[in-house]
Amino acid sequence: MTVTSESLAASVASISPAMLALAGGVLAALILLVIVLFLRAAGLRREQAEEAELRARESAMRMAELLKIQAEMQGRITAMAEVFGARQSELNQSINQRLDGMSQRMSSTITEQTKSTHENLQRLQERLAVIDAAQNNIQTLAKDVVGLQAILSNKQTRGAFGQSRMETIVADGLPMGAYAFQQTLSNGSRPDCTIRMPNGAPPLAIDAKFPLEAWNAIRDAGSPEAAKLAGQQFRRDMEIHIRDIAEKYLIQGETQDTAFLFVPSESIFAELHENFEPVVQKAHRARIVIVSPSLLMLSIQVIQAVLKDQRMRAQAHLIQGEVALLMDDLGRLDERVRKLQGHFAMAQKDIDMVVTSADKLTRRGARIEALEFEAGGDARPARDGETPAKSVESRTGLLKLRVVDEE
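Note that this note's numbering numbers the sequence shown so that position 310 is 1124, with each residue one more than the last.
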């Protein structure tokens, strides 16, 4: 320890006064910092104590309020328990009653439902029988559609199908002798139908062949390129067919300068006018009219009206003669009606006279019933052509006499 103290003293002596002053300033600063920290810690502890005391008071107040609320809640719970007990007993009684009524209704409902289910099953069986019959009809129709598809897949049979539909429309709309099928022209061609026009005009030729292969190729195309190629092929086929009709069926002086190209489908006709307008325009320029079934039917009706007008013009003199005879009959009828009117006027006059006499008799009977007469004879002057009236007494005596006779 002596050596250490001496060495420490020697070390302190070796330190310069500046260093000692600096160390003293640092030590003073540290002491001041410790004092400040101590004061702040004491203030914080005081604030924490005050906050703790405030929180304790608040907790005590809340606890008191909670105890008060708990007491109130216990009272309410007790009252609600009593109310719920009474309500539960009433509810149990009501539920039992309703369960009894519901069980009765359920039993009756189940009985009715069983009966209804049985009836519905019977109806279902009947409908299933109808559905079976309809299914058989659908199968038969499917076979017919397959047969029709087979027919339409063949060019010749498809042409026969279109021609048969065209022939049906023409035969239904025109009288016999106004049309002909497969008539041979001077150039050896045979249109599907020729319609005789009135006034000695050349007949109208109708063609029922339609290039359906290219059209089906458009429908069956799986890509836009294939559809475009099929559309070009269909356009070429239509142009060739229109040119053939114009060359074969439009003969100067022998046929009309216009021919019909029959399309046996309204949808194809509409799509043709919508997507292939150049083909339609070329047909118009070639004097070929593309017609659907409805347009052909309308054209046939127009032609029928023209033929009817021609027949009426040809029979105009007969119609005039019949009208003259009709006017004679009408004159005789007018004369007879006027005579009958005179007879009715005379009969009306006689009826008026009879009504006048009846009125007189009614008035006299009323006077007799009311005893409106005098003791002496109350005679009135007699009219021309009438017998003098008797006295009232004599008439009364006659009336009495007649009553005795009747008895």
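Quick caveat, the hints were computed from the structure, so don't treat them as lab data.
Nothing here was measured: the structure is a model prediction, and the numbers come from that model.
Fair warning: there could be bad hints in the mix.
Said to hold, decoys possible - Derived pair list, reagent style DMTMM-like, types lysine to aspartate or glutamate, alpha-carbon separation capped at 25 Å:
{"id": "1", "residue 1": "Lys1042", "residue 2": "Glu1085"}
{"id": "2", "residue 1": "Lys882", "residue 2": "Glu872"}
{"id": "3", "residue 1": "Lys1153", "residue 2": "Asp1164"}
{"id": "4", "residue 1": "Lys1096", "residue 2": "Glu1085"}
{"id": "5", "residue 1": "Lys1153", "residue 2": "Asp1173"}
{"id": "6", "residue 1": "Lys1122", "residue 2": "Glu981"}
{"id": "7", "residue 1": "Lys1153", "residue 2": "Asp1143"}
{"id": "8", "residue 1": "Lys1163", "residue 2": "Glu1136"}
{"id": "9", "residue 1": "Lys1096", "residue 2": "Asp1143"}
{"id": "10", "residue 1": "Lys1122", "residue 2": "Asp1071"}
{"id": "11", "residue 1": "Lys1062", "residue 2": "Asp1166"}
{"id": "12", "residue 1": "Lys1062", "residue 2": "Glu1091"}
{"id": "13", "residue 1": "Lys1062", "residue 2": "Glu1027"}
{"id": "14", "residue 1": "Lys1042", "residue 2": "Glu1068"}
{"id": "15", "residue 1": "Lys1023", "residue 2": "Asp1034"}
{"id": "16", "residue 1": "Lys1163", "residue 2": "Asp1143"}
{"id": "17", "residue 1": "Lys1096", "residue 2": "Glu1136"}
{"id": "18", "residue 1": "Lys1174", "residue 2": "Glu1136"}
{"id": "19", "residue 1": "Lys882", "residue 2": "Glu867"}
{"id": "20", "residue 1": "Lys1023", "residue 2": "Glu940"}
Claimed, not checked - Beta-carbon label-pair distances, calculated as ranges:
{"id": "21", "residue 1": "Leu1112", "residue 2": "Asp1071", "range": "16 to 24 Å"}
{"id": "22", "residue 1": "Ala994", "residue 2": "Ala1041", "range": "53 to 61 Å"}
{"id": "23", "residue 1": "Gln939", "residue 2": "Ser908", "range": "42 to 50 Å"}
Positions of the beta carbon are idealized from the N, C-alpha and C atoms, including for glycine.
Taking the numbered hints from earlier one at a time, note which ones the structure violates and give those numbers from smallest to largest. Per hint list: 5, 8, 9, 11, 14, 16, 17, 18, 20 and 22 violated.
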